[in-house]
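Undergrad: The residues making up each chain are set out below.
There are 2 protein chains.
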Amino acid sequence: MREKLLELLNKNGFVSGEKIAEQLGVSRTAVWKQINTLKEMGYKITSVKNKGYHLESRPDIPYPEEVCSKLNTKIIGKNLYYFKTLPSTNLYAKELINKGAEEGTVVVTDTQTKGKGRKNREWFSPPGGLWFSVILYPTMIPPNQSMSLTMVASIAVTEAIKKVTGLKPKIKWPNDVLINNKKVCGILTELDAELDKINHAIIGIGINVNNELKKDLKEKATTLRNEVGTKVPRVKLLKTILKHLDENYAELLKGKNDVVRKKWIQYSKIVGKKITVKDENTVIKGVVEKVDEEGYLILQTNEGKKTRILSGDIEYTT
Amino acid sequence: MREKLLELLNKNGFVSGEKIAEQLGVSRTAVWKQINTLKEMGYKITSVKNKGYHLESRPDIPYPEEVCSKLNTKIIGKNLYYFKTLPSTNLYAKELINKGAEEGTVVVTDTQTKGKGRKNREWFSPPGGLWFSVILYPTMIPPNQSMSLTMVASIAVTEAIKKVTGLKPKIKWPNDVLINNKKVCGILTELDAELDKINHAIIGIGINVNNELKKDLKEKATTLRNEVGTKVPRVKLLKTILKHLDENYAELLKGKNDVVRKKWIQYSKIVGKKITVKDENTVIKGVVEKVDEEGYLILQTNEGKKTRILSGDIEYTT
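Those protein sequence lines, which keep their order, are chains A and B.
The working numbering puts the first residue of the first sequence at 712, with every later residue one more than the last.
The working numbering puts the first residue of the second sequence at 712, with every later residue one more than the last.
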């Protein structure tokens, strides 16, 4: 009902409470209650005697009514759960999967109290950012191709940031998106798999949009607002990401891993670059020769060896 | 207390209720209750006036008191949960993980009502078989090496069956153990992973020991009892498997994947064999050239191509 009400209000000018009640087939009291709920949600609605209601502005909050309306995707974002706060969107997504959530379901929140990044690192998720997870059931993608899921996510984020802000993001292996060499987005893909089949995947995406940054992160991280100079619309950004995720995931499902990988390589500009890879115990320096079919880096090390990089943090050595 | 009581009873001859009560620091009524519980559990205990209790025989049921006692492993089987029936030991293991179960915890049941095999196939789990799961946290094994977990499990099963029954099992890629070319054991490894880290693994193992087989399975499957001609002790078999799993898993943790893979190749006798690989849509015939570092089969196909086999069911073409 709320969505229909917003549709009616969305037309220019005023619409009377009587007409709304008639169109929605409910009482005028019910209309009044819904209008009040919308106001509490942040919608600015003016009411003028004898003229009715007018929608002045919509809040930039990723409500399902805002994000899913006219999204026109095939799989991603058909269902969306929004929360003011959550421990972690990936954790909530896991619960939804246990209850049989549909593929493409999105969980989004304004703040996370226990957001986490790769390797159980804390992920600071204050208000103003975009913290969300997408549920996938890529049963036809072999587990050793699971990096392609992180790839489609980082491609979608890159393409969407570029479209919405005009900025030029760069993908950093294995799961970050940078702007001017500072981290603006991290992606945490979690899998539930058998030997030869992925049962489900949860793609967690965190983007610094209009939020503050922790002091000790300011050297290595940035927000979209910092880079653009003004607030960036979160709803528009999320919609654009879901749209691009839908398109790129469709390529994967068609078996076009190569198309996805080529795009990823293009956005990452990593091939031919000098890098340093740090893991708990090891440091390897070398030049990236290629990104192989499973998404791993093939490195020509400074000692003249060829190494396959499976994990670790990389730094560009210039 | 039950374990201590069994220890006291385990010594030859009779032991008086008075002495038991004294040693355990409980009342004689408490002793009497525990003795009755043990009898209900299948322990044969005779009581003779003025002499006390005598343990005649222990049940061949995988109780923690039977399996974990004197197991002397480092990781596997420190904790064990036994049930008369469960929907699925893998599912129960998942619940235990959510509650923070320790690595090496074992879940075992006499029957499963919703046992499942690879690719969601039904796994028939009647009384007399050995249906169990082992919880692992192999955080240092990269996800693309996860096949090595199935490998250590099938090695442990193979070595234990050989030791306990004298039979000569053969491993069948990717997750079965055969005797005289009939399936006697299936292994279902389920993973919860990130891109470059396994959070947890559940190794589900089903072994046809003394159970009946479904009619339509009799051509392709067998039980240990069928092959040996007599009942096979389930507790002894489970203990031996856990012991070997503990040893082989320790090799993996030391980074000795190669040792594990060589053993696996030796027990599978697959290299050089003509096989047919069937998947939903494809059939490939060829000769196995090798098992690569990630546990996949490298096949020289009849058309002269080299293919890497990631999944599917194989048949030996003789």
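None of these hints come from the bench; they were simulated from the model.
Among the hints, a few may not be true.
As the list makes no split between identical chains, a pair holds if one copy fits it or if it spans any two.
Calculated pairs, SDA-like style, for lysine to any residue (alpha carbon to alpha carbon, straight line, at most 20 Å) [to be verified]:
(1) K827 to T850
(2) K805 to E901
(3) K1016 to V875
(4) K755 to K785
(5) K1001 to D907
(6) K830 to M851
(7) K873 to V726
(8) K980 to N747
(9) K965 to S1022
(10) K908 to E1005
(11) K750 to I808
(12) K967 to T993
(13) K1017 to E1005
(14) K827 to H911
(15) K755 to N910
(16) K827 to Q977
(17) K781 to L720
(18) K908 to V994
(19) K989 to G966
(20) K805 to D903
(21) K965 to D990
(22) K996 to F794
(23) K989 to I1009
(24) K805 to Y848
Undergrad: If a hint holds in the structure, say so; if it does not, say that too.
TA: Going down the list of hints, with the structure as the test:
1. K827 to T850: between (25 Å within a copy, 17 Å between copies)
2. K805 to E901: both (10 Å within a copy, 16 Å between copies)
3. K1016 to V875: Answer is neither; intra-copy 42 Å and inter-copy 47 Å both fail.
4. K755 to K785: neither (31 Å within a copy, 64 Å between copies)
5. K1001 to D907: between (25 Å within a copy, 19 Å between copies)
6. K830 to M851: So K830 and M851 pass the 20 Å test across copies only (11 Å; inside, 26 Å).
7. K873 to V726: neither (37 Å within a copy, 82 Å between copies)
8. K980 to N747: Neither: 50 Å inside a copy, 73 Å across copies.
9. K965 to S1022: between (27 Å within a copy, 18 Å between copies)
10. K908 to E1005: So K908 and E1005 pass the 20 Å test inside a copy (15 Å) and across (15 Å) alike.
11. K750 to I808: neither (32 Å within a copy, 44 Å between copies)
12. K967 to T993: between (34 Å within a copy, 18 Å between copies)
13. K1017 to E1005: Close inside one copy (16 Å) and across copies (18 Å); limit 20 Å.
14. K827 to H911: both (19 Å within a copy, 17 Å between copies)
15. K755 to N910: neither (43 Å within a copy, 46 Å between copies)
16. K827 to Q977: Answer is neither: 28 Å inside a copy and 42 Å across each miss the 20 Å cutoff.
17. K781 to L720: Classified as within; 16 Å inside a copy, 74 Å across copies.
18. K908 to V994: between (33 Å within a copy, 18 Å between copies)
19. K989 to G966: This pair counts as between: shortest inter-copy Cα distance 19 Å, intra-copy 32 Å.
20. K805 to D903: So K805 and D903 pass the 20 Å test inside a copy (10 Å) and across (11 Å) alike.
21. K965 to D990: between (35 Å within a copy, 17 Å between copies)
22. K996 to F794: Answer is neither; intra-copy 43 Å and inter-copy 53 Å both fail.
23. K989 to I1009: within (15 Å within a copy, 32 Å between copies)
24. K805 to Y848: both (12 Å within a copy, 19 Å between copies)
The structure fails to meet hints 3, 4, 7, 8, 11, 15, 16, 22 from the earlier list, while all remaining hints are met.
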